[in-house]
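Listed below are the residues making up each chain.
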Amino acid sequence: MEALQDIEHRLKALLIEALGFEDLTPDDIDAETPLFGEDGLGLDSVDALELVMILDKHFGIVIEDPEMGKEILASIRVMAEYVLNHRKK
Amino acid sequence: MAIVITGGAKVDKAGVETLHGALIPWDSKVASSSGSWVSGLKGRTFFDTPPARFGRMDAFSKLTVGCAHLALKDAAAAGSESFPEGIVLGSLMGCLMTDIQYYAPVCDKGPEHAGPLLFSYTLPNVAVGEVCREFRLFGPNTVISCGEDSALAALVVAHGWLSSGRASALLAGGVEAVDSRVAELCRGDSNADIRSSAFLFQLERQDEPWQPGLPTILGGESEFSPSGFSIERSVDLGNTGMERMWHMLNMGGRGFRAIDVRDKEGYSSSLKVFIDTEKHGSTTRHRTQIKSAAD
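Here the protein sequences come in this chain order: A and B. 145 is the number of the first residue of the first sequence in the numbering used here; add one for each residue after it. 254 is the number of the first residue of the second sequence in the numbering used here; add one for each residue after it.
Careful, some of the hints might be misleading.
Unchecked claim - EDC-like mimics (lysine to aspartate or glutamate), calculated; alpha carbons at most 16 Å apart, straight line:
(1) K525(B) - D191(A)
(2) K295(B) - D200(A)
(3) K362(B) - D200(A)
(4) K201(A) - E365(B)
(5) K266(B) - E166(A)
(6) K232(A) - D200(A)
Calculated directly from the structure, the hints in this document are not laboratory data.
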């Protein structure tokens, strides 16, 4: 079973690829940094849709409730923990 | 009053070139890529510190934003004290490459494979939006897609806006982002070879006294073609006229030059430029230095 840290690393890599962060590596992203907002990675609502697709495509997790999505996509750490407990792939 | 060209940049597979600067060799990895080179564009090709958004842009927007940055730098380096208020962009293919990239997986595998980020770039005016956002242009902007004379038509429109006082400085030119699928679509039965490229110029309205030595756009006419993709000629397709204009500006000399583009149905754009580089020998368009890719 994939460990939490491995899931975090995988999520970071998928995020970097999906959102085109040319100068970032997974090690550059702190797992607890907020993904949205000026104090965090600065992602926007379109990026959120990409993250939702990543969870569906790579882990079989479907997020249908926007409020639930806001909680799950708070940070890489929170996402990884949700994947660990709810993944279907 | 005159509409002058104070700066410009050109980007194609051979490299990056500015109107007043040196030829900068292309990143060898990009030049030798087996796929479409525009798909492999990186922010550091154009910027010392690339904008955070650059990586997520589609190829059409990357090419437009990168070329705009270089055109602005070129104008500033040449001594221009003006900054554009807006941009007029011409494009034959627009964001068709992005549209195909977006819809291909949707058609093959279903709507759940639609990419939200790529969807954002499935309109050609998003590219000018990215330019305006990055460089804080709050004035008029538009994209003109009217067939193979779109880039020249853009210069004609920009000339009109500047002459009428709608703006005092603008970016204008043409961008084409093409991969094999787009090239195949427009090739049709004409064996035409459309190529990716970007040409952007900084145009300014200067009241008397003029700054001597700068190329001056005297005016133009444009009749928009309804035929769109009915391309007949096999050379210089897409950004037609821009390559000729670039060559003309680099050659310099003194006198009037006219660039005409006409499609097979007789619709055309015509642009007249006055060049006077013999009067002031300080106008530099010499390629004296080649920067290495490592610089």
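Each hint, compared with the structure:
Distance hint between K525(B) and D191(A) is unfulfilled; the C-alpha atoms sit about 45 Å from each other, more than 16 Å. Taking the CA atoms of K295(B) and D200(A), the gap is about 29 Å. The hint is violated against a cut of 16 Å. A C-alpha spacing of about 15 Å is found between K362(B) and D200(A), which places the hinted pair at or below 16 Å, so the restraint holds. Between K201(A) and E365(B) the CA atoms are separated by roughly 9 Å; this keeps the pair inside 16 Å, and the hint holds.
Between K266(B) and E166(A) the CA atoms are separated by roughly 21 Å; this puts the pair beyond 16 Å, and the hint is violated. As the CA atoms of K232(A) and D200(A) are separated by approximately 9 Å, the hinted pair is consistent with the 16 Å bound.
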